[in-house]
Amino acid sequence: MQGFWQAFKRNRMGVVGLSMIVLTIFIAIFAPLLAPYNPKERVRVTLDSIYARPSSEHWFGTDDAGKDVLSNFIYGARVSLTVGFFASFISVVIGGAIGLIAGFFGGRIENLLMRFTDIVLVIPDLPLAVVLVALTKPSLMNIIIVIGILGWTGTARLVRSQTISVKERKFVLRAKAIGAHPLYILRKHIFPLVLPLMVANTVLVISLAILNESALAFLGLGDPSTLSWGQMLNFAFTRGAMSSGAWWALLVPGLGIVWLVLGCTLLGQGFQQILNPRLESHHLQKSEMIALEAANG
Amino acid sequence: MTKLILRKLGWALVTIAFVLLLNFFLFRVMGDPTRLLKDPRLTQATIEAIRVRFGLDKPVINCFESLNPVKVSLQACAVNPFETQFSAYISNLLKGDLGVSFHSQRPVADLLGERLWNTILLIGAGQILAIIIGVTLGLFAAWKARTALDYTALIASLAAWSLPTFWLGILLLFWGSHYFGLPLGGKETIGSGLAGWGRLVDISKHLLLPTLTFTLVFIGEYMLIMRSTVLDVLSEDYILTAKAKGLTTFQILKDHALRNAMLPIVTIVALNLGFTVAGAIQIETVFSWPGLGLTIFEAVGRRDYPVLQGAFLLLAVSVVLANVIADLLYTFLDPRVRLG
Amino acid sequence: MKRLVLLIFLSLLGSSLAQGTLRIGWAGSPDTLNPGTAVLAEAFTLFDLVYDSLFNLELDGSIQPELVESYDVSEDGKVWTFNIHQGVMFHDGKPLTAADVAFSLDYYKANTDFPFANGYTSYFDTVEAKDDSKVVVTLSEAIPNMLSQLLYLYILPEHVWSAYPAGSAASEFENLDMIGSGPFKMTEYKQGEFVRLTANKEHYAKPPKIDEVVFQTFGSQDVLVQALKTGQVDMITEMPNTAVVSLRNDPNIELVLGAPLAPSVRDVFFNLTTAETCPADDGICSGHPALLDLTVRKALAHATDKLQIIDVALLGLGSPGTGIIMDGMGEWYNTEVKDYDYDPEAANKLLDDAGYLDTNNDGVREMPDGSRDLSFRFYWPNDVIEAPRVAELLSQMWGDIGVKLELQALDPDALTSVCCPSFDYDIMMWGWSSDPDPGFMLSILTTDEVTTGTSETGYSNPEYDELYSAQATELDPAKRQAIVWQMQDIMMRDLPYIIPYYQQQVQAFRTDRFSGWRTDATKVALEDPSSLTQIEAIQ
Chain A
1 MQGFWQAFKR NRMGVVGLSM IVLTIFIAIF APLLAPYNPK ERVRVTLDSI
51 YARPSSEHWF GTDDAGKDVL SNFIYGARVS LTVGFFASFI SVVIGGAIGL
101 IAGFFGGRIE NLLMRFTDIV LVIPDLPLAV VLVALTKPSL MNIIIVIGIL
151 GWTGTARLVR SQTISVKERK FVLRAKAIGA HPLYILRKHI FPLVLPLMVA
201 NTVLVISLAI LNESALAFLG LGDPSTLSWG QMLNFAFTRG AMSSGAWWAL
251 LVPGLGIVWL VLGCTLLGQG FQQILNPRLE SHHLQKSEMI ALEAANG
Chain B
1001 MTKLILRKLG WALVTIAFVL LLNFFLFRVM GDPTRLLKDP RLTQATIEAI
1051 RVRFGLDKPV INCFESLNPV KVSLQACAVN PFETQFSAYI SNLLKGDLGV
1101 SFHSQRPVAD LLGERLWNTI LLIGAGQILA IIIGVTLGLF AAWKARTALD
1151 YTALIASLAA WSLPTFWLGI LLLFWGSHYF GLPLGGKETI GSGLAGWGRL
1201 VDISKHLLLP TLTFTLVFIG EYMLIMRSTV LDVLSEDYIL TAKAKGLTTF
1251 QILKDHALRN AMLPIVTIVA LNLGFTVAGA IQIETVFSWP GLGLTIFEAV
1301 GRRDYPVLQG AFLLLAVSVV LANVIADLLY TFLDPRVRLG
Chain C
2001 MKRLVLLIFL SLLGSSLAQG TLRIGWAGSP DTLNPGTAVL AEAFTLFDLV
2051 YDSLFNLELD GSIQPELVES YDVSEDGKVW TFNIHQGVMF HDGKPLTAAD
2101 VAFSLDYYKA NTDFPFANGY TSYFDTVEAK DDSKVVVTLS EAIPNMLSQL
2151 LYLYILPEHV WSAYPAGSAA SEFENLDMIG SGPFKMTEYK QGEFVRLTAN
2201 KEHYAKPPKI DEVVFQTFGS QDVLVQALKT GQVDMITEMP NTAVVSLRND
2251 PNIELVLGAP LAPSVRDVFF NLTTAETCPA DDGICSGHPA LLDLTVRKAL
2301 AHATDKLQII DVALLGLGSP GTGIIMDGMG EWYNTEVKDY DYDPEAANKL
2351 LDDAGYLDTN NDGVREMPDG SRDLSFRFYW PNDVIEAPRV AELLSQMWGD
2401 IGVKLELQAL DPDALTSVCC PSFDYDIMMW GWSSDPDPGF MLSILTTDEV
2451 TTGTSETGYS NPEYDELYSA QATELDPAKR QAIVWQMQDI MMRDLPYIIP
2501 YYQQQVQAFR TDRFSGWRTD ATKVALEDPS SLTQIEAIQ
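Chains as they are written, first to last, in the numbering used here: chain A, 1 to 297; chain B, 1001 to 1340; chain C, 2001 to 2539.
Isolated chain A, as found in the complex (with noise of 0.2 Å):
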């Protein structure tokens, strides 16, 4: 673990996303007390503070409803946490146990578990989540659970993929041969080094996750009653923040998803190359060093 550390230390990337993720979640459990005002709260508004351009009062603006942009861009930042962390967690336990099993096992558990992982596949995702979040009522759980049970399809393929390709490296069927329990096999030498494919692609939909709660948002299937950055899109669009030219109202809550998103997908990358430090080098750029060596020697 110490190891790990020092490693993940030296890694820039991963540094940066995590950064990047910490202080978005260092944000949103301070909220109250980093927001200017009260999203919740109710103001008396004018017509002139209807998306009122950013000034020393209100940094970012404020929206369609005369409401600080800042503020509720700080609290949205809990509602996009909490879908993303959540919902990605549902996939990838799903996704990586019959990913692995059917990798591993091969035969009928695979087929029967593949085509079960095909059928989902196909069914396009947005759609689908659309009409059942459409039929469950909006709300913010049923969103985490519906993204949840939609995503892990992707982590099953890509796992599974991965341990078929290790199954047959040779010290895999070294081990098969000398009469190792499968499920220690399984343990032992797959897992490892399918993990490393897991924990990027943890990251990887952690950020679908985010993304499809905004495109809920988006397509009007948020959930009304919590202020996510999708929400606050949904509004900017729909309430005419662009010909309005109110670019802030439009341009904050994104860059926020973008943010988060990044940061997610930097820690993934970070994650890849430390795990699996072989893909840190390769033999082709080792030879072109060389090459180089000579050439300047």
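Just to be clear, a hint being listed does not mean it is correct.
Said to hold, decoys possible - 27 Å max Cα-Cα, derived DSS-like pairs, lysine-lysine: (1) B:1095 / C:2190; (2) A:40 / C:2349; (3) C:2298 / C:2338; (4) B:1243 / B:1254; (5) A:170 / B:1243; (6) A:188 / A:170; (7) B:1071 / B:1058; (8) A:9 / B:1095; (9) A:170 / B:1245; (10) C:2404 / A:40; (11) A:40 / C:2298.
Simulated from the structure, these hints should not be mistaken for lab results.
Predicted model only: the values in this text are computed from it and were never measured.
Since chain A is already given, all that's left is putting chains B and C on it; use the hints.
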């Protein structure tokens, strides 16, 4: 080999059958078809026609009067299995009858047919561009791993991947229309009377921004997958052997890295189809592009179940077929995968 | 590569545009071109352009003859004789005669499936073409609003429609060629994308000066505004109120604000069904018991700051509502009805006195017997742009007097299923658009409609029902007006509805391509024939 292909196609058929079942039951369990008949948009004649067409006066399937709420009866068990809502659904499908839109009272198959090609055009253009650019970038990034080029390409790809599709679309839409006078919606200029080359230019003009959005959103993923796979391949021992044999860098990249990396790319393209559909819904909504995505968005908003159901089916079947093709390619590309 | 550069270069040049082509942007599209089955306003916009009817609703709210040259009504008000304009031609070159008029009215009457058109013919007993120009309609009962029944009964060519007899053939007919006699002809139509109409320069009364009109559907109102700003369309029929400020500053764009052509209302209503009034077949009637208490509804009315709602949700472009008879209905609108003042203290006092107290100090009042919180389900349609903001404001305002709302947006279909006649809700926000006669809007609160799904509230009051029957057959306009006003007083007294606002219509057009728009009328409808047959291209 023929046997293998037949087997894969057989599985595809099974999958399609599952999709049909799910498509049928999802809309019976989650939605209540008899409730739909109270829709104020429907006339008595249409309701009667729908009743007959979908067998709505019959049990959903043997033993089940309805599924929402679940109603079981002995009487329903006794019916002829070819006289249920399910059998009506299947026989209508076989006839190519996807029902009639509640909103426009037109056949769903016609509505979807009109818009299918627009989506294929949009997705095709966007995906091909994204794959070409993504794969090239990924190859170079892996080759030049840990150089400034690698990092720049990597960060750019990751950032592009992180953009919410609809948000990027909105920004591009306003930017492109404001500074370049690009069209804000539609497939071509209405009543322009253009033909041939002029019409092609006109359509390209309308296609430019949606395609750009598609490409930007998808480049990142292809680049990342390409990069990590090529890195993986290049660290294999046989690359060392190849190098020892005196092959040039270009040959090694071409013969080993690219060939092996095509494997996950093919998988990803197939996997991405569902994701692509999600992109299409958002992009078509933002750009008023008259494709299947916009149709789904409109159908959901209007609760036009027959259209929604038909669109689902069409997309799901296309994705199954694409997956079969990917699966076969996969088999050809990777000799290590045990056949079958 | 050169080719590609050329292509991009070419693509950046605007394509040349025919001078006489007007491009209109809207966010919707017609549901069907069949005048019998159409429901959406966009379809009726097209019908007004492509068809003629016997009478027309003018922008000042008056009803004027269109195809009718002169008309006469018998002493008892039952026999109406219409003399039709001679020499009117359908777009396919065949003449429009009294036979077509009689056929059309009969056709609408025979098609009991047609949702609106059939309703307008319900008092028609017989329709007869006496000769080429004379049509006689005999009513089963004299009605005060005969002319407004004829506004949307478009005259169809018998030689086309006789091939589609009443029943499913009539409702399934797509009518893509849309042969009418109006000032514009259908040229090209792509559902959900665009409609192209060409001018009927031979029109007998108002031949258009422009050559062509294109209606293009855009994905959102925000995009519509951008299309107008960048000159991709010449006029937009709708826009978000938030865009008003930025459009005002654009020298090439003129804004038009005013009452919509069809009077409309946003309504908040309560589930008032009781065990006795609950519809036997469909009724679930799960309304909160507190809402049956007029005191609670009065308190909610006192706690509603309508001006604040109009400021935030509509950016001021609306007026406070009083009842479901809209201010756009002219003399039918009761201008003297007294609304409840915004007075949260009075509201609190009403609830305190009636025993609705917050005994457990959670910020929400309970029923006098302590059984339930004053916590209400509040639903609204997800296709109304400003609705979430209104809901949020109401939730805050009513929260101030210790009433809690559970907010939930539903699509219109889901809303219908919980609304009526199942009455499975507490409070709901929805809306109506109406023709200029108050008859239909008044019927919504009658006891007869509780089981049909038209009554949203389940309100039942014999006094109101009697007045409704009285006004339906009162031929003296002044007497009818008095009854209609009295009914609005009852609405305000009994509060089945709280009406937050009547919204203004906001439209805009570019001043650099066409001139001659009708902007001086009390109602705003730039897509109406009154504008489209008047405007001229600017040279």
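Ascending list of hint numbers which this structure does not respect: The structure breaks only hint 8.
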